[in-house]
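Work out the full structure, taking the sequences as your base and the hints as a guide.
Spelled out, the chains give:
2 protein chains.
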Amino acid sequence: MSERPRTRRTTVYDVAQEAGVSIASVSFAFRRPEQLSEATRERVLEAARRLGYAPSASARGLARGRTGILGLHAFDLMLERAHEPAARARALRDLHSPDLEGPRIIPWAETDDELLADPRAFPLYVDEVQRGFALECWVMGRPVMLSSGSDSDVSVADTAGRVDGLAIFPSEGSAAVLSRFSSSIPIVLFSAAPAADGHHRVRVDNTQGMREVMTHLLTVHGVRSFAFVGRLDSWDGEERFAQYRESLLQAGIASEDEPVDATVRGPDRMAEQLHALAEAGRMPRALVCSTDQNALAAMDVVRELGFRVPDDVIVTGFDGILAGRLSTPALTTVRQPMEAMGRAAARILAGTAGPLPEDGSSFDAVFAPTLVVRASCGCG
Amino acid sequence: MSERPRTRRTTVYDVAQEAGVSIASVSFAFRRPEQLSEATRERVLEAARRLGYAPSASARGLARGRTGILGLHAFDLMLERAHEPAARARALRDLHSPDLEGPRIIPWAETDDELLADPRAFPLYVDEVQRGFALECWVMGRPVMLSSGSDSDVSVADTAGRVDGLAIFPSEGSAAVLSRFSSSIPIVLFSAAPAADGHHRVRVDNTQGMREVMTHLLTVHGVRSFAFVGRLDSWDGEERFAQYRESLLQAGIASEDEPVDATVRGPDRMAEQLHALAEAGRMPRALVCSTDQNALAAMDVVRELGFRVPDDVIVTGFDGILAGRLSTPALTTVRQPMEAMGRAAARILAGTAGPLPEDGSSFDAVFAPTLVVRASCGCG
DNA sequence: TTGTACGCGTTATCAC
DNA sequence: GTGATAACGCGTACAA
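Heads up: the sequence lines are chains A and B, in that order.
Mapping to the working numbering: the first sequence position 217 is 217, numbers consecutive.
Here the working numbering = 1-based position in the second sequence + 380.
I should point out that these hints are in silico values taken from the structure, not numbers from a laboratory.
Take the hints with a grain of salt, since some may be wrong.
[Said to hold, decoys possible] If the Cβ cut is set under 10 Å, some of the chain A residues that face chain B in the computed set are:
(1) Ala48
(2) Ala109
(3) Asp112
(4) Ser147
(5) Val177
(6) Ala368
Ideal Cβ positions, reconstructed from N, Cα and C, are used throughout, including at glycine.
Below, the structure written as structure tokens:
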């Protein structure tokens with residue numbers, strides 16, 4: 001526990017007194033070492049060391065008008081999806097058992113490690129983007145703040161008030177709430193629909209990616225019957241489905257108006273619909289999935305139904321998460337440069353992303369993805 | 381860039397004026413909604429919404445005496461190791477190319493994705509622990525701050541001043557610097573040697589883990605000639621080597637006094653030493669490695685030397701990172717419950733880890749690891 | 001080179 | 001229920 005009696009935080013005043021100087025000298029010793037004589041600086045730092053002085057970031061932020069922190073925010077919805085298995089993990093029991101001598105050894109069974117370590121749950125898209133963001137911040141020597149919350153005004157405002165710039169995995173409709181803050185801090189939206197709302201954007205070229213998968217399936221494998229698995233509740237999903245239909249149109253193949261529902265959260269309708277297709281004897285040759293997570297789930301269902309992948313049914317994904325390399329068969333997919341996208345966001349927020357074309361405009365960085373052909377389409 | 385003219389952040393004063401109330405009411409509207417009449421509260425929130433008001437976390441932190449943030453800090457050394465390939469990634473070129481109309485499509489080749497996406501570089505030990513830490517914080521609704529820096533006083537103090545509690549991947553000797561701050565904020569050390577320095581600890585039972593690998597190799601595989609690959613620059617390394625020797629002693633096998641050096645940073649001497657062993661015709665039957673990263677590197681070298689794994693040389697690791705599942709042969713290792721360890725640290729810092737036995741004592745949470753038998757020892 | 005004084009935006013404690 | 005006002009700890013003009 002942190003309830004042991006903590007002494008009041010030591011402040012510049014304490015250090016100043018201890019070192020026999022003014023508070024300005026203390027401040028200088030930390031922020032502008034070169035402005036101080038060697039002697040006083042050492043005296044101050046020594047006193048600070050003795051007293052365990054840690055400059056208050058709050059006070060500094062208040063005085064300077066910025067915190068120095070860059071934020072990465074995920075709405076709860078997003079997190080629950082991404083980390084659903086983890087969220088179900090039991091809380092660890094008390095870390096100390098009073099009846100034991102010495103430290104308690106926490107048994108393996110209490111850690112829920114199998115659940116947490118499932119590569120299907122980590123690392124996912126958000127995790128890889130986050131890593132890129134954190135890496136770039138580390139390079140720049142800036143701390144990163146990871147936060148989450150609802151898309152209510154209060155929650156978002158709270159996050160915005162903590163950072164100098166905010167990168168967001170947007171939920172539906174969160175762009176509106178966010179635009180209130182883009183006049184005071186820069187905001188980057190990942191994978192959001194283009195719009196002139198003052199936000200910067202970092203996204204992937206879904207059209208090119210989907211075109212490549214479809215071309216591969218159409219020309220290399222000669223597939224003529226398709227279904228699209230995925231939801232249309234994100235811009236990525238919409239773009240991918242749109243190009244899917246476009247590719248079919250150009251190939252002269254009729255396409256459904258609706259994708260096979262792949263609810264990741266709440267009652268899952270994908271399995272149900274694939275069952276229906278199977279019973280009707282209309283299981284398509286290829287299932288083109290909107291995300292790798294969809295694809296991995298679809299593979300399970302399809303196999304449960306007695307089909308072999310890829311012999312009977314081809315399955316493809318989108319994103320390029322690690323779990324797609326570990327599945328059997330390995331997943332053919334479109335890889336997004338997720339770390340690079342995270343890094344780009346950090347640089348935009350830090351103001352080191354290069355010049356903007358015109359004053360008042362925003363970045364709209366679109367990354368080219370690449371087709372990764374593995375076994376689930378019948379190659380390799 | 382963030383250089384577009386940003387308006388001054390709106391403050392309580394602005395909102396108060398806009399809503400025609402006092403600043404206290406504005407504050408109450410956000411922090412104690414129940415203390416305000418429905419009418420004023422709504423009026424305030426509406427005004428705040430109109431103005432895009434985001435309460436300053438700095439000011440709040442200053443007034444309240446705490447920031448509400450939990451920190452996870454890694455020393456630069458640690459980071460360079462963990463993310464070395466990533467650190468080498470080129471900076472992205474400018475995200476906008478002035479001569480293009482519309483958004484620029486960043487070519488795949490510019491993203492260095494192959495380098496960044498290497499599972500040998502991510503996720504590693506620190507990444508999984510970090511994930512657990514972040515997950516637990518998300519559950520508690522608290523933001524997380526990720527930071528890094530040198531182990532100088534100033535750098536550490538700077539980090540300490542930003543958070544209410546700090547979890548640390550300690551470097552050699554950083555415990556001393558840190559102990560100055562444990563009187564003002566709780567500090568958790570991962571994998572640090574036990575000591576009564578006021579810090580809390582979260583670590584793994586290296587002794588049990590190493591005993592299990594050794595027993596497996598000795599009894600199941602009947603191995604009689606060993607070498608230990610790894611450095612002794614961390615407590616984990618020391619404990620593992622100690623138990624390695626202990627197991628050999630009990631089996632009546634002579635052991636070297638020194639492990640085969642496996643420098644991860646700087647000039648790598650492991651390859652060189654394995655070469656020497658091979659030339660002398662003294663390549664042991666089993667290489668027991670201190671970490672999975674060591675083991676994966678050792679497998680490469682051993683194979684380069686013309687040995688087959690596991691037929692000629694058995695290789696085992698420690699940690700249980702994902703990369704060990706992806707290697708061929710898959711790595712036999714000891715898995716640490718990394719996410720659980722990260723979660724434990726977060727709970728200790730938040731004060732929700734249960735009671736401490738006596739006042740003034742610290743948590744010392746020791747987690748049991750588990751043996752994961754895969755192909756690199758000849759099983760499976 | 002060093003010291004003084006004020007402002008940063010919020011919370012909390014009082015009066016009213 | 002609401003309003004005035006005093007901290008909170010640091011950065012920084014400005015004065016010395």
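Going down the list of hints, with the structure as the test:
{"no.": "1", "hint": "Ala48", "verdict": "holds, 7 Å"}
{"no.": "2", "hint": "Ala109", "verdict": "holds, 9 Å"}
{"no.": "3", "hint": "Asp112", "verdict": "holds, 7 Å"}
{"no.": "4", "hint": "Ser147", "verdict": "holds, 4 Å"}
{"no.": "5", "hint": "Val177", "verdict": "holds, 9 Å"}
{"no.": "6", "hint": "Ala368", "verdict": "holds, 5 Å"}
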